[in-house]
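> The lines below spell out each chain.
There are 2 protein chains.
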Amino acid sequence: MSEKPYHHGNLKMELLEKGLAFVDEHGVEELSMRKLAEVCGVSSAAPYAHFQNKEDFLIQAQRFITEQFTETLQECIAAVKDKKKILLELGKRYVIFFYENPSYYHFLFSHGRVELTEYPPYQLFAEVVEEAFSEMGVKKKARRKKMLALWSMVHGLSGLSAMKGVLDGDDLEKEIEGILNAVEI
Amino acid sequence: MSEKPYHHGNLKMELLEKGLAFVDEHGVEELSMRKLAEVCGVSSAAPYAHFQNKEDFLIQAQRFITEQFTETLQECIAAVKDKKKILLELGKRYVIFFYENPSYYHFLFSHGRVELTEYPPYQLFAEVVEEAFSEMGVKKKARRKKMLALWSMVHGLSGLSAMKGVLDGDDLEKEIEGILNAVEI
DNA sequence: TTTTAAACTTGACAGTGATAAGATTAAGAG
DNA sequence: CTCTTAATCTTATCACTGTCAAGTTTAAAA
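The listed protein sequences derive, respectively, from chains A and B. Counting with numbering that gives the first Met the number 0, you get residues 0 to 184 for the letters of the first sequence. Counting with numbering that gives the first Met the number 0, you get residues 0 to 184 for the letters of the second sequence.
Please note: incorrect hints may appear among the correct ones.
It does not matter which identical chain is meant; a pair holds if it fits inside one copy or across any two.
What the hints assert, rightly or not - As a list, the in silico EDC-like pairs of lysine to aspartate or glutamate whose alpha-carbon atoms are at most 16 Å apart: (1) Lys-84 / Glu-134; (2) Lys-34 / Glu-129; (3) Lys-145 / Glu-174; (4) Lys-34 / Asp-167.
It should be emphasised that the hints constitute simulated quantities derived from the structure, not laboratory data.
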């Protein structure tokens, strides 16, 4: 019958994890610091030992997701053998990530909290695209615009796919592939 | 010295307008029904005569913006003479609308409230694109995917442009034009 | 002119973010 | 091993929020 110890031991991490699970299930607007505290079996003020305020918690939770997202992309990049397919594969993975976690898309991009310069997925994406363009013989001057166009499309499709009714979920990969391939870079 | 009448007379409309102005200035998270009531010089419970609850207010406010947005797009369509340029011009107008009102983008798409099937800008966009594709000789089977690709790009760029640091604001039109033209439909 | 229903106010409730003051205890210093 | 200290957590409280019930005012219909 282990009595609950006064000190939690791993509260910060549990707050982040349970918080994200809660957001995934009920959406951001339902999340409150007090509910979160209760879910973790701790008093309502306890979270404030680890986060300055709710905003700070949300920012750190976003970082947490962003890291997962970055890892997902990195794994994808590592798994692609045929380098010619990397743009398509990366784009697909990007879109699917948010299709699978629609609330994360809102959570990340809804509040203008994400700054481009400190958004690792963008850096990663930009690097891969740059390399691919180089290999494809795209002229240097055209690269930035083409890259932004591509990113817009991938990012936009991620957002739209979070809207119900846009994508056909039956054969998602094919669907996304078809859309991304519908324009020529 | 006109005494404030007991009945406001035009409260619902003023709530929507002042509410949107408030959102534009301070962001959605700062908005509360009570502040809104105060801004309109009315008691804290008065808004509930016109809106079921806050969610209902937000939905109606979104409809309100969406109408403005739709009108903007319609004016744009009407103003384009060279029909070959209509895709580009419409895309530009789409992006610029949200560049000019970044908070609106978040407001509209942050909460998954917008449903594709009842989102007039999409219908409008789809019609125009369909017609343009027909004129361009795009095969019927390819149209849906191309249209989604295009819309993703335009919509995505709108979202990204709300992130500071993505677009060069000095010559915005040229910038957007360059990006949208960087891929071939 | 009377009636009625819509538009508004007042006053209340539970839930929220946040802080101050105090209790507990893990971990390092001597 | 003891003492100290600082991190962690609780309790109590504040101002503010969404929302509703009950009552007030008034425009407009009967």
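> Taking the hints in turn, state whether each one holds.
Hint check:
no. : hint              : verdict
1   : Lys-84 / Glu-134  : within (12 Å within a copy, 32 Å between copies)
2   : Lys-34 / Glu-129  : neither (45 Å within a copy, 48 Å between copies)
3   : Lys-145 / Glu-174 : between (22 Å within a copy, 12 Å between copies)
4   : Lys-34 / Asp-167  : neither (36 Å within a copy, 42 Å between copies)
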